[in-house]
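S.K.: Spelled out from the first residue to the last, the chains are:
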Amino acid sequence: GNSVTQMEGPVTLSEEAFLTINCTYTATGYPSLFWYVQYPGEGLQLLLKATKADDKGSNKGFEATYRKETTSFHLEKGSVQVSDSAVYFCALSGGYGGSQGNLIFGKGTKLSVKP
Amino acid sequence: GAVVSQHPSWVICKSGTSVKIECRSLDFQATTMFWYRQFPKQSLMLMATSNEGSKATYEQGVEKDKFLINHASLTLSTLTVTSAHPEDSSFYICSARFGGNMNTEAFFGQGTRLTVV
Chain A
1 GNSVTQMEGP VTLSEEAFLT INCTYTATGY PSLFWYVQYP GEGLQLLLKA
51 TKADDKGSNK GFEATYRKET TSFHLEKGSV QVSDSAVYFC ALSGGYGGSQ
101 GNLIFGKGTK LSVKP
Chain B
1 GAVVSQHPSW VICKSGTSVK IECRSLDFQA TTMFWYRQFP KQSLMLMATS
51 NEGSKATYEQ GVEKDKFLIN HASLTLSTLT VTSAHPEDSS FYICSARFGG
101 NMNTEAFFGQ GTRLTVV
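Respectively, the protein sequence lines represent chains A and B.
Residues in the first sequence are numbered consecutively from 1, following our numbering.
Residues in the second sequence are numbered consecutively from 1, following our numbering.
With the rest of the complex left out, here is chain B:
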């Protein structure tokens, strides 16, 4: 299957600083990328959907100004957690899909564990 690379795999940052997470599709052009958040023993919750070259669509309850998403190219999307706080500590996962067909397989990155201290 196609490969989606997420970087970094883990990061520890101080409260109040910003952290950028990258999601790259290595061997296909990702028309759409999704960002999820996973709390311990909870399901993956969709945060936002981004299409290349346009603004991301955020799910209800997700702060746009806190979780900045950029999808500048067909192979790269970034999630920036601004002014991070301990409650932002979580596992963030991206996925990428080619095309808009709902049945098209989405390929996932390995996830980024963020710890804010």
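For reference, chain A alone in the conformation it holds in the complex:
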């Protein structure tokens, strides 16, 4: 079945450091890929998405490229801020294994950015 694997946290960085959170997936068909962010005390929010191979999703300085050849969708940001501290979830939707397009999530990676 479809699955998502992302790097385990927590990840602790200093402000302005470079961020990479790895995400790989297993899916049949052509899934859409997403990154969601969950700030403390809040619900999940869509951060960015990509719907086909080689698409690059970007938002708020974050970006991720849909790599079908490596089945990856790594999240990157060139210079993190304290306000980026949150839990980040990689997810996929659709493909032949998706039921009604529900999202399949990775376990989440907690990011803490120190001033």
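Possibly wrong hints are sitting among the right ones.
[To be verified] Taking lysine-lysine pairs in the DSS-like style, the calculated list, with each CA pair at most 25 Å apart, reads:
1) LYS77/A / LYS41/B
2) LYS60/A / LYS49/A
3) LYS114/A / LYS20/B
[To be verified] Label pairs and their in silico Cβ distance ranges:
4) PHE18/A / THR17/B: 44 to 54 Å
5) GLY53/B / THR70/A: 40 to 50 Å
6) THR115/B / LYS52/A: 37 to 47 Å
7) THR20/A / ASN70/B: 25 to 35 Å
8) LYS52/A / SER5/B: 41 to 51 Å
9) THR82/B / THR12/A: 40 to 50 Å
10) GLU69/A / HIS85/B: 23 to 33 Å
[Claimed, not checked] Part of the chain B face toward chain A, derived, beta carbon under 7 Å:
11) PHE34
12) LEU46
13) GLU105
Hints listed in this document are in silico derivations from the structure and should not be mistaken for laboratory results.
These numbers were taken from a predicted model, which means no experiment stands behind them.
No residue lacks a Cβ here, since even glycine has one placed at the ideal position from N, Cα and C.
Fit chain B to the known structure of chain A by using the hints.
M.R.: Then chain B, alone, in the frame of chain A:
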């Protein structure tokens, strides 16, 4: 983005009682709503999918009689945990989507932390 409101944010109940969690889409009509469960340090696991006016579709291993889902209108879905036990303690999250397109964004509620004592 659209707003999905989940209520309550947290609840503590006694073992054997039932708890109802509400999920409302505030500014759009949610054709489909999803209910997830999140254990500590684990991913969100889909419990069930519900379309307005029809019975929910439960994922394998989820007890239909224990987790009652009602999606009576395009803006409201409820999850009732019946005869709750301590092992039901978890973080429950709903999401709502308009339309059946798999690429359509799903909007999430803030979650409900259930503690059964």
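S.K.: Confirm or reject each hint.
M.R.: Comparing the hints with the structure gives:
no., hint, in the structure
1, LYS77/A / LYS41/B, "holds (24 Å)"
2, LYS60/A / LYS49/A, "holds (13 Å)"
3, LYS114/A / LYS20/B, "violated (39 Å)"
4, PHE18/A / THR17/B: 44 to 54 Å, "holds (50 Å)"
5, GLY53/B / THR70/A: 40 to 50 Å, "holds (42 Å)"
6, THR115/B / LYS52/A: 37 to 47 Å, "holds (42 Å)"
7, THR20/A / ASN70/B: 25 to 35 Å, "violated (43 Å)"
8, LYS52/A / SER5/B: 41 to 51 Å, "violated (33 Å)"
9, THR82/B / THR12/A: 40 to 50 Å, "holds (41 Å)"
10, GLU69/A / HIS85/B: 23 to 33 Å, "violated (47 Å)"
11, PHE34, "holds (6 Å)"
12, LEU46, "holds (5 Å)"
13, GLU105, "holds (5 Å)"
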